[in-house]
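Student: Chains A and B are the protein sequences, given in the same order. Under the numbering used here, think of the first position of the first sequence as 1, with each following residue one higher. Under the numbering used here, think of the first position of the second sequence as 1001, with each following residue one higher.
Mixed in with the good hints there might be a few duds.
[Stated by the list, open to error] Pair by pair, the computed Cβ-Cβ distance ranges are:
| no. | chain 1 | residue 1 | chain 2 | residue 2 | range |
| --- | --- | --- | --- | --- | --- |
| 1 | B | Gly1311 | A | Val76 | 55 to 61 Å |
| 2 | B | Ile1820 | A | Val76 | 45 to 51 Å |
| 3 | A | Trp128 | B | Gln1316 | 53 to 59 Å |
| 4 | A | Val227 | B | Gln1316 | 52 to 58 Å |
| 5 | A | Leu239 | B | Leu1828 | 56 to 62 Å |
| 6 | A | Ser193 | B | Pro1395 | 41 to 47 Å |
| 7 | B | Leu1425 | A | Arg182 | 54 to 60 Å |
| 8 | A | Gly121 | B | Gln1316 | 49 to 55 Å |
| 9 | B | Gly1361 | A | Ser22 | 53 to 59 Å |
| 10 | B | Ile1820 | A | Leu198 | 47 to 53 Å |
| 11 | B | Leu1450 | A | Lys123 | 52 to 58 Å |
| 12 | B | Ile1820 | A | Lys123 | 32 to 38 Å |
| 13 | A | Glu77 | B | Ala1725 | 56 to 62 Å |
| 14 | B | Gln1316 | A | Val76 | 54 to 60 Å |
Hints listed in this document are in silico derivations from the structure and should not be mistaken for laboratory results. Idealized CB from N, CA, C, for every residue including glycine.
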Amino acid sequence: MTTTALRTAAARASDLSKVYGSGDTRVTALDHVSVDFYRGEFTAIMGPSGSGKSTLMHCMAGLDSVSAGSARIGDVELNGLKDKALTKLRRDQIGFVFQAFNLLPTLTALENITLPMDIAGRKVDKAWLDRVIATVGLADRLGHRPSQLSGGQQQRVACARALASRPEIIFADEPTGNLDSRSGAEILGFLRSSVRELGQTIVMVTHDPVAASYADRVVFLADGRIVDELHAPTADSVLDRMRAFDAKGRTS
Amino acid sequence: MFKTALRNVLSHKGRLLMTMLAVVLGTAFVAGTLVFSDSVSTALKNSLSHNYDHVSARVENSAAGEGRRAADNNSDNKPLTDATLRRIKALPGTATAVGTVQGFAGISDPNGNLIGQRGSTQGTNWSPDSGGTDPRYPMAQGTGPNSATQVAIDQRTAQKNGFKVGDTLRVAVNGPVMQLTVSGIFTSNDPALNADGSLVLFDTATAQKLYTAPGQYAWIDAQAKPGTSQTALEQEMEQVVPHTGNITLHTGAALTADAKTAVENGSSSMKTALLFFAGIALFVGIFLISNTFTMLIAQRTRELALMRALGASRKQVRRSVLWEALVVGFTASAVGLGVGVGIGAALKAWAGSSGNIPAGGLTVTPSTALITLAVGTVVTALAALFPALRASRVPPVAAMSSNDQPASQKSLVVRNSIGLVLAGLGVGVVLLGVSQGGSSGRMPVALGALLVMLGVFVLTPLLSRPLIAAVGPLFRRLFGISGTLAKQNAIRNPRRTAATASALTIGVTLITALTVIGSSITTTITHQVTSNMKADYAVSSELGYPITPTLVSEVKSAKGVSAASVIDSQYVTLDGKQLSLSGFDAATFDQVVAPDLTSGTTDAFKQGQLLIDADQAGSRGLHVGSSVPVEYPNGTSGTLTVGGVYPKSDLLGPAMLSEQALAGHTTAPFYNVVLVKSDDGASTANEQALRDATGLNPLIKVQSQQQMIDQFSSLISMMLTILYALLGMAVLIAILGVVNTLAMSVFERKRELGMLRAVGLDKRGVKRMVRLESVVIAVFGAAMGVGIGTFLAWAANNLLKSDLSGLTTVLPWSRLALFIALGATVGLLAALWPARRAARLDILGAIKTD
Ligand SMILES: Nc1ncnc2c1ncn2[C@@H]1O[C@H](COP(=O)(O)OP(=O)(O)OP(=O)(O)O)[C@@H](O)[C@H]1O
Ligand SMILES: [Mg+2]
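Using the sequences and the hints given, assemble the complete structure.
Tutor: Given below as structure tokens:
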């Protein structure tokens, strides 16, 4: 449904490298990675453990500095930005869903959802907020605190928070990693519909081929490099690709 | 278990640092106090030991000198005379013997003001030996006094005031001022001089006239010939001195021992007072220590549960925590001991520099070390007791739970009920004490105060929620999301917030109570002085001797005086009960005082009727028009009519009668005070005119209304300053407590902070959030302290009422507001480091799931 001609990048990595440590303990987590995350698209990042998925996401989201190359959100080059500007960028342009511990225990669900707007001191768009809350199906739980919500509900609140401020792009690191398959499916379906219906851009890191199948496109990372890409994935096609890497990895 | 404890201590070094610091400060205060007071008393004792170097035995007349008047009437007493001295000198064992008289001697500066403080300026006799010198007082310049018009003065006083040989010195002992010529300036190592006093020497005959009687001594010191022991000489002297109750004999060794005991008693009361404040500091420390251990254990819940799951018994877990506390307590106490020795040395140097204490080394006794170590260790272990018990109750299954947060707080119902009972009981007991009033109310009020404080501490978690939540909307409006989060964080762990705030509450309660009492007393005194006194000056005597009639008339005729009245203090028996009665001059009465008569008139007073204060009138059932029988001091009796009733006043006394009506019925007038009204109010010229009229007598005090108020309020404010300084240590420890709590909270909420930073809260926002949390906790603690302190001050004032009539509780609002503001400042300061730490937090490190 997306045509190449209309695709513009919401975020772009070019020649992005990230090196941890030095000398003996030197680890190249990202090795000259170039990849575009297109607007209005749901992209999944897959790869073996330690391949650099989280690192790529952190660099793209302005949570971590890059060693070389460039990371852009829209037109903004992140490499070289000061903490203050990065903070503002995260607040206004980026949404986050982490694997766990997304919410402040002292705030209610609703307060957690509006937190980024409260931090920015921005007015909440009431109509949009209602739509987001309706989409996540949390209307009757807004006054509860995180400890009174199930894990799946907590993740839904986190998704609503990421959506509510209408960021340029949402990054999700294994958002279903801690959930059973049913709650996971709920979240994933919800993320996909927010892309389809609300026009949101989402980048999601996952280990699960089924989760990846919800995405429009899957990018494969191995040893800090982009090794493959798959459009309109299904669980089976993703699994096939991964087997192929494994086989290659073993033979090489 | 000991090994586990040791490893825990080492691995939590940073976190235990605050606890250590609290114990160090508390124990350093204790050790400093002990070292300082021991050193001072050792130094004093050393300087004393040389005092009696030349005294082998002393015979003393206890009825001579300052206590003379009372004993004079006892005809059995025999004096120590020149004849006694001669007989002692003639004893076979005597090498030399000297007779001494001594007493107060007021020296005047050029304006007629007394030099030094009353009691610290002494006069004694110069007893030259055959060579014309007195070894006790070597002359630096000039010669000793050889006639009634000469005087010698100590070098320090002379230098301080610029007195030179040949100058005229004004000296008064108990009567009129004497103008004497300075014949010499001497040096001396008399301890009285070391302690900032003055000493003048008269020739023996003059001194005897002034202090005892011609030819009489207060004591005679004899030095033994080589080979004669002190006791042998004492026994020889026994044969030649009078044998009446007032004559006592002592050896030099006994005198030294007595003096040392006196020094010990003096320094032990100072020690007790200082240790009281050290105790408060340690008590505050308990809150901090207990809080730290609670937090450490909350953080280690899983670790402890694992130990239990692996088979450690409850007892072992408990022991391991207690061992940890003992290690921490002992180490910190040892450091505290070291710091305390430093504090003691600094205090000693400071006290020494102001000239009050003879020089000498530091005294660190083994008991100081033992006490300090024991106190610090025991206090730490005690504070860790509850946390240790809680640790032992961690169930093994907690090891399996994936819960990040410490287990949810148990219900506070039991705690709140206990708190309510304690606080309620405390308030009740305080009120009971207040209603009893006076000294009988003292015990209940003290007990009640303790209960109230305990109760409030127990209740603080309950109080913290609504009180802190109340500022929520304000915080949200002012500081946005940081404010909201800060408020939420402050109430999310009520126990911890409560313990942190309570530590501050203790200090602020005491400071507030003292301040309110001080300001109430000052205000009351000021009110009494200004409302009843119309006179510009009160002229009184420095030593409580009455003012002589001659002096009264000199004052009355001084330049600028428009009206003056004596206050003649007499005791009469009114209707069978004693009454202190003040005689005022009828003619000038209205010009010098203004009693707020509630009934009657001052005209009635002028016609010889009695004015009486409301308390006396009430207890005796008197009112205007009552006639009562009276017995006067000279034995005559009559009838007095009550002419007016006024509210109780310290200036006016319980009852007033015109001097004209009173004078004929006394044995002698006792003019305590002369009240003086000047033509043009109080002025330097008028004051000097009054001083001149007294012949610049240093024993006569001329005070304007303002000076009377100032003298008093400066006394109060000086006392408050000292108490503030002593309580400062407790407040400092409380600040450490706030720092500690915040640091722990930041550590525990690492993930939350990381998440907040990820979703866009900037560093400033994070800092502000931590700071506001700190301010909320600190202000909460301070506000509770101000509240309790005010209540206790009110109770104390009600007790003091019986000693200070008309005492009402006055709230020094600006001071109280200042305490709250200081609380906020404390909060800000305490948050400096934790807030920086929170802002510097590595976002990725914080959000990574382990
Ligand atoms: N702070 C760090 N310091 C040093 N090395 C790091 C750090 N963070 C990540 N690495 C290394 O960088 C590489 C990539 O890590 P990254 O967390 O991006 O992997 P991942 O693909 O997200 O793995 P997983 O699927 O297990 O989450 C790994 O080899 C890791 O050890
Ligand atoms: Mg990862």
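Student: Work down the list of hints and note, for each, if the structure agrees.
Tutor: Hints, one by one, checked against the model:
no. : hint                               : result
1   : B:Gly1311 <-> A:Val76: 55 to 61 Å  : holds, 57 Å
2   : B:Ile1820 <-> A:Val76: 45 to 51 Å  : holds, 46 Å
3   : A:Trp128 <-> B:Gln1316: 53 to 59 Å : holds, 58 Å
4   : A:Val227 <-> B:Gln1316: 52 to 58 Å : holds, 54 Å
5   : A:Leu239 <-> B:Leu1828: 56 to 62 Å : holds, 58 Å
6   : A:Ser193 <-> B:Pro1395: 41 to 47 Å : holds, 44 Å
7   : B:Leu1425 <-> A:Arg182: 54 to 60 Å : holds, 57 Å
8   : A:Gly121 <-> B:Gln1316: 49 to 55 Å : holds, 53 Å
9   : B:Gly1361 <-> A:Ser22: 53 to 59 Å  : holds, 57 Å
10  : B:Ile1820 <-> A:Leu198: 47 to 53 Å : holds, 50 Å
11  : B:Leu1450 <-> A:Lys123: 52 to 58 Å : holds, 54 Å
12  : B:Ile1820 <-> A:Lys123: 32 to 38 Å : holds, 35 Å
13  : A:Glu77 <-> B:Ala1725: 56 to 62 Å  : holds, 58 Å
14  : B:Gln1316 <-> A:Val76: 54 to 60 Å  : holds, 58 Å
Hint compliance for this structure: no hint is broken.
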